[in-house]
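Engineer: Using the sequences and the accompanying hints, generate a full structural model.
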Amino acid sequence: MSAPPLAPVFPEVTIGILAGGRASRIGGRDKAWLVRGGVPQVLRWQRRLAAQGGAFLVSANRDLPRYDAHGLVAVPDRIADAGPLSGLDALAHATTTPWLLTLPVDLIEINDCLLRTLVHHAGTQGAYARDADGVQPLVALWPVAALRDVSAAALASGDYAVRALQHALGMQAVDFDGVRFGNLNTPQDLDDAGIDRD
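Residue numbers (the numbering used here): 1 to 198.
Everything labelled a hint here was simulated from the structure, so no lab data went into it.
Just so it is clear, the structure is predicted and the values come from calculations on it, not from any experiment.
A virtual CB, placed ideally from N, CA and C, is assigned to each residue, including glycine.
Do not rely on the hints blindly, as some may be mistaken.
[What the hints assert, rightly or not] Using C-beta positions, here's what the derived DEER-type ranges look like:
hint, residue 1, residue 2, range
1, 47, 164, 30 to 36 Å
2, 9, 145, 21 to 27 Å
3, 170, 132, 23 to 29 Å
4, 177, 64, 35 to 41 Å
5, 39, 116, 20 to 26 Å
Structural biologist: As structure tokens, then:
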């Protein structure tokens, strides 16, 4: 008889993976399904993080049946062509928990205490990470109700800067000393990370 599933560590947090970009610098390859060590990126983050939160969502705009086939809930943009803000808006409106942790799907690594550390520093305004490369605005813990409001205002105004949203919310920067998340942005990044070639 199998053991019952463990309760989520932070049931009030939805894990939201941002995978809706066009990846133009790597020839349009879908970053969610880049394979590293035999595991697609989006499934790597599902396995690593899903049990930590109360729900797991993916912001995605293509190949949606593929997510469904893997038991993932994909949320397409409600408003197109606003960069990462479109994904934040979509996730915020699909989330039913009071908090949303966002991560870009193309991150290479995170530390195991990421969510716990952001929760510790979030207060009521939220928090975002700063690693060895600087501010990582999309590695963030957002208060969902406030995010819905500020993202709607930003989309209406045409100001799509994520940092401006975080400033408006009074979110706290959290230093992860000695940690480098990294990103899969260029062909060289893919080679360096050992991404399988098509």
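Engineer: Could you run down the list of hints and mark each one as holding or not?
Structural biologist: Hint check:
no.: 1; hint: 47 with 164: 30 to 36 Å; verdict: holds, 33 Å
no.: 2; hint: 9 with 145: 21 to 27 Å; verdict: holds, 22 Å
no.: 3; hint: 170 with 132: 23 to 29 Å; verdict: holds, 25 Å
no.: 4; hint: 177 with 64: 35 to 41 Å; verdict: holds, 39 Å
no.: 5; hint: 39 with 116: 20 to 26 Å; verdict: holds, 23 Å
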